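> The primary structure of each chain is shown beneath.
There are 2 protein chains.
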Amino acid sequence: MTTTERTGIASLPMPDLSSTFPGPFPTSPHADHIGKHLVQWLLRFPLLGPPDALRTLCDIVAHGVARTFPAAEPDGLLLCADLFLWLTAFDDTHGEAAAAGSPARLVRRIRGCVHLLADGEPPGDADPFDGALHDLLVRLRARATAAQYLRVTGCLRDILFGILWEAHHLAEPEHVTLRDYRAIRPHTVFARTLMAVAEVVLRYELPEEARNSEAVRQPESAVADLAGVLNDLGSYTREAARGVPNSLNLISLITREQNCDVPTAYEAASRLGEEHAATARHWIGELVTSDSAPLALHGGALESIACSYVWHIDHARYKKA
Amino acid sequence: MTTTERTGIASLPMPDLSSTFPGPFPTSPHADHIGKHLVQWLLRFPLLGPPDALRTLCDIVAHGVARTFPAAEPDGLLLCADLFLWLTAFDDTHGEAAAAGSPARLVRRIRGCVHLLADGEPPGDADPFDGALHDLLVRLRARATAAQYLRVTGCLRDILFGILWEAHHLAEPEHVTLRDYRAIRPHTVFARTLMAVAEVVLRYELPEEARNSEAVRQPESAVADLAGVLNDLGSYTREAARGVPNSLNLISLITREQNCDVPTAYEAASRLGEEHAATARHWIGELVTSDSAPLALHGGALESIACSYVWHIDHARYKKA
Chain A
-15 MTTTERTGIA
-5 SLPMPDLSST
5 FPGPFPTSPH
15 ADHIGKHLVQ
25 WLLRFPLLGP
35 PDALRTLCDI
45 VAHGVARTFP
55 AAEPDGLLLC
65 ADLFLWLTAF
75 DDTHGEAAAA
85 GSPARLVRRI
95 RGCVHLLADG
105 EPPGDADPFD
115 GALHDLLVRL
125 RARATAAQYL
135 RVTGCLRDIL
145 FGILWEAHHL
155 AEPEHVTLRD
165 YRAIRPHTVF
175 ARTLMAVAEV
185 VLRYELPEEA
195 RNSEAVRQPE
205 SAVADLAGVL
215 NDLGSYTREA
225 ARGVPNSLNL
235 ISLITREQNC
245 DVPTAYEAAS
255 RLGEEHAATA
265 RHWIGELVTS
275 DSAPLALHGG
285 ALESIACSYV
295 WHIDHARYKK
305 A
Chain B
-15 MTTTERTGIA
-5 SLPMPDLSST
5 FPGPFPTSPH
15 ADHIGKHLVQ
25 WLLRFPLLGP
35 PDALRTLCDI
45 VAHGVARTFP
55 AAEPDGLLLC
65 ADLFLWLTAF
75 DDTHGEAAAA
85 GSPARLVRRI
95 RGCVHLLADG
105 EPPGDADPFD
115 GALHDLLVRL
125 RARATAAQYL
135 RVTGCLRDIL
145 FGILWEAHHL
155 AEPEHVTLRD
165 YRAIRPHTVF
175 ARTLMAVAEV
185 VLRYELPEEA
195 RNSEAVRQPE
205 SAVADLAGVL
215 NDLGSYTREA
225 ARGVPNSLNL
235 ISLITREQNC
245 DVPTAYEAAS
255 RLGEEHAATA
265 RHWIGELVTS
275 DSAPLALHGG
285 ALESIACSYV
295 WHIDHARYKK
305 A
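Protein sequence lines correspond, in order, to chains A and B.
Residue 236 in my numbering sits at position 252 of the first sequence; the count goes up by one each step and never skips.
Residue 45 in my numbering sits at position 61 of the second sequence; the count goes up by one each step and never skips.
It is possible that part of the hints are untrue.
Some chain B residues well away from chain A (every beta-carbon gap over 12 Å; in silico) [unchecked claim]:
hint, residue
1, Gly7
2, Thr137
3, His159
4, His171
5, Ser219
6, Ala225
7, Gln242
Simulated restraints, written as ranges between beta carbons of each label pair [what the hints assert, rightly or not]:
hint, chain 1, residue 1, chain 2, residue 2, range
8, A, Ala126, B, Asp103, 38 to 48 Å
9, A, Gly108, B, Gln242, 43 to 53 Å
10, B, Asn243, A, Gly104, 27 to 37 Å
Bear in mind the hints are in silico, worked out from the structure with no lab data behind them.
Bear in mind the structure is a predicted one, so any value in this text is a computation, not a measurement.
Here a beta-carbon is modelled for each residue, glycine too, at the ideal position from N, C-alpha and C.
With these hints in hand, go ahead and build the complete structure from the sequences.
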């Protein structure tokens, strides 16, 4: 990739969300407290080596979670932040390029996590990722109802499977259709997990019939899809600037499936993001004015989750070339 | 492998369970009804091609489930039988040798299942496995509480991961320790799923504090371990008679880890099975005399689940050379 091409990609426009999710976004007064807690938690469970990566990650997670649940109490925020940090560190350390070289090794690493998620005892020689996951599950169990606990641990299994799916296809993206990718992306971008965690952090529980209604499924899907598109647009720009765009990225897949150039694919993905944002905004509007308290709370949670993804792509982690 | 060696393996003794789980085992009066239903269900969802394999599988599943839950009402039995059939057919068709040749293909196949397990809409071009899984999930949701549904779908994810784990290690069992294997075997032998399904089939719900108690965890682990050992002893004999014992089998792993011959490993595994059976029998005895109705029901379910695995290894599917 030439320097001119890289400059061109860096200037590709992000979707216009000024009418759907305009900033500035509310943030929790506990953001700094979360950041300090994360650094301490990483001393107890050293998931990351390089101090630079550690500081950047703690910063983005603390401020991201503060925007995801701006009105939450500290305990729930800390649990959510630790979980999000764990997921990101796990993906950075064991997923992506590291995993593509040896999917079998990743399968072995995930086996330990599946054991804990299935209520297995932690092994005597637990590594920091096992130890931290066990700590998270104990705290989650203490705070959540049985169904909430099972819903979140189901989502975590789906993320781990998604990381595994990616590892098997980075080297052979030709087997991946856009439809496959869009089906798995809500998991790998962690959006589905955040939605399940919302009920635990904010202490509400959707009635089952509402959970399976269009009024809930539509905005959940739209927010999850929006999160995936935004993350891919941000990642593609960042990775292309380094000269190694991820082959499993919406932009790359559109260029291949629609046989078009990168700016055209980027434009199409941006439009898609705007459509998801409009759909999410419409359905969230219905939810937040609902007479049902849990539905209104869920609508508010979906809104702030969407805002946190909009906010994320402007963070330094995505700006670093 | 020589003919003498094969004959020698066929005569290796199974564990002596005459004092822990002696037959004959109670069976449901609905066994024939289940068998006929399974054949009909497979006409609707053609999961298996060869008529011989189909008949044998329907027979073992019908009579196995009839022994797993001898006192259950028909609706619950049919749901359990269909689920067990689906799992076995999925493993036979997409797992094991077929998967070892292309783990990435298996990952893609499982992705469709994960989508349905995570409440995704069924695709327009659903194949029989997707269609059948969707049917199962709709029926499960109608019968189960929210937590029961999530617990079973968590177990199904763990089985799918276990099948994937196996596919990555059939060709390189040297990366698998006995401890790893024993941690994943309760999932791949379907025992954990049957325990979760028991509550749905027999319509009881364990209190959460009981679920995490030693009184429940100990017999569950012992029954799951017993199921794995029995299945491995039966499979090893059958596969060795064909000249291709599975490298991911307790016997093979013991011969490698303890540097011993097959009869010694077989003997060790049989003793292990007897120990698990004795542990299971002890703890089940405590549960079935409990004052708590769900605990007593759970004890009865664990007992009949254990019996069904003891019964299974004498079935034709395991006798065929």
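> Run the structure past the numbered hints and jot down the numbers of the failing ones, going up.
2, 3, 4, 8, 9
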